[in-house]
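Heads up: the sequence shown begins at 683 in this note's numbering, then just goes up one per residue.
Careful: at least some of the hints might be erroneous.
Unchecked claim - Beta-carbon label-pair distances, calculated as ranges:
no.	residue 1	residue 2	range
1	Gly1009	Arg785	39 to 47 Å
2	Asp885	Asn720	48 to 56 Å
3	Ser808	Lys844	22 to 30 Å
4	Ile1022	Asp698	17 to 25 Å
5	Ile1000	Glu939	19 to 27 Å
6	Phe696	Ser808	52 to 60 Å
7	Lys912	Tyr734	23 to 31 Å
Claimed, not checked - Below, computed lysine-lysine pairings styled on BS3-like, alpha-carbon distance capped at 30 Å:
no.	residue 1	residue 2
8	Lys747	Lys1015
9	Lys1010	Lys912
10	Lys844	Lys912
11	Lys868	Lys843
12	Lys811	Lys869
13	Lys805	Lys841
14	Lys828	Lys912
15	Lys902	Lys868
16	Lys821	Lys844
17	Lys843	Lys828
18	Lys998	Lys1015
19	Lys828	Lys844
20	Lys912	Lys821
21	Lys912	Lys942
22	Lys835	Lys868
23	Lys983	Lys912
24	Lys942	Lys869
Because the hints were derived from the structure by calculation, they are not lab data. Note that beta-carbon positions come from the ideal geometry of N, C-alpha and C, so glycine has one too.
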Amino acid sequence: MNLLIFEYATASGFNDPSLLAEGQAMLEGLLEDFQDFNIHYLISEKFLSPEYLEKWKSAQPIILKEDLRQWITKNISAYDGCLFVAAEEDMELYELTRIMEERGVQVYGSTSQAVLNCSDKFKTYSILKKHVPVINTYKIILEDFKCPENQEKYALLIKDKKMVFKPADGVACQGIKIVYSFEDLKKAVESLNTFLPYALLQDFVEGESCSVSLLSTGDKALPLTLNRQKIEFIGNGMEYHGAEVPWDHELAKEALEVAKKAVESVDGLKGYVGVDLILNNQVHILEINSRLTTPFVAIRKLSSVNMGHAILDAVKGILPEDLNCKGKIFLEKSGNNLIITNQK
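Using the sequences plus the hints, can you model the full thing?
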């Protein structure tokens, strides 16, 4: 099989410290998992080095000097399949998936429709609320919000409450604001950067931030690990600083089952999928990431199977029967690095 692998930040040259460290770690994990394949991978000339070429000499690099989406549009038809990592922001994950589908290339991930349903967090909420416990979420139409006569309903919504404002197409903790008043909400809307004509306002739920990593065939999902997320509140915003994989919690079994049900409720979710949750005295689903997430870096080191191969098999409809993770890994973001500490 002629397989292409890439990760958005390292392929496009997008030098954002908040994303680059994790992106590079995920790319290197995939390259290591596929050392037995004859693969190509995309890498921006900004991040290429002799050390990098030597480390991954079993794979063939394609040094990218042009726009990533343009390159994919022109060249992806030369490949049988593609396994890639990209964020939902600006609908990049959806657009890249759609381009590959239109050209008949096998995407080793979710369908473009599933990606669209998860990239737009309000679509996700609308689907999931029929099946799993979710956090009350309200849509803020940005054009309406500009009109003073329409602002009263939003003022009533937030009155005497602590809420979470977020872009509907956000990634990680970017763009998330904790708002305590209508004035806070106005400032958050004014500073918003989004591809969509609306944003979201959610009830603030106290609890532990975590995620579940799963493999999915599109019909059946297999939960792998519950992961604790290290999130820091800075001012009225939030920053992601790492994870503990796996994480022991009294609600772990229930969290895994709820995440499984959530993934199986969205048609077309395939390969590796991440589900974000809040745990207090119960499980609350926040959103679904239809792509590789940072805990993959740890899971592939702890897993009894080759995770890269398991993703390909899941898309083909096969889930591993004996996958288990032994040990624990702590992931910590530090500048442009992701520090990986293995606790035996």
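Cross-check of the supplied hints:
| no. | hint | in the structure |
| --- | --- | --- |
| 1 | Gly1009 <-> Arg785: 39 to 47 Å | holds, 41 Å |
| 2 | Asp885 <-> Asn720: 48 to 56 Å | holds, 50 Å |
| 3 | Ser808 <-> Lys844: 22 to 30 Å | holds, 24 Å |
| 4 | Ile1022 <-> Asp698: 17 to 25 Å | holds, 20 Å |
| 5 | Ile1000 <-> Glu939: 19 to 27 Å | holds, 22 Å |
| 6 | Phe696 <-> Ser808: 52 to 60 Å | violated, 30 Å |
| 7 | Lys912 <-> Tyr734: 23 to 31 Å | holds, 28 Å |
| 8 | Lys747 <-> Lys1015 | holds, 28 Å |
| 9 | Lys1010 <-> Lys912 | holds, 15 Å |
| 10 | Lys844 <-> Lys912 | holds, 21 Å |
| 11 | Lys868 <-> Lys843 | holds, 15 Å |
| 12 | Lys811 <-> Lys869 | holds, 29 Å |
| 13 | Lys805 <-> Lys841 | holds, 25 Å |
| 14 | Lys828 <-> Lys912 | violated, 35 Å |
| 15 | Lys902 <-> Lys868 | violated, 42 Å |
| 16 | Lys821 <-> Lys844 | holds, 16 Å |
| 17 | Lys843 <-> Lys828 | holds, 22 Å |
| 18 | Lys998 <-> Lys1015 | violated, 33 Å |
| 19 | Lys828 <-> Lys844 | holds, 22 Å |
| 20 | Lys912 <-> Lys821 | holds, 27 Å |
| 21 | Lys912 <-> Lys942 | holds, 22 Å |
| 22 | Lys835 <-> Lys868 | holds, 13 Å |
| 23 | Lys983 <-> Lys912 | holds, 20 Å |
| 24 | Lys942 <-> Lys869 | violated, 37 Å |
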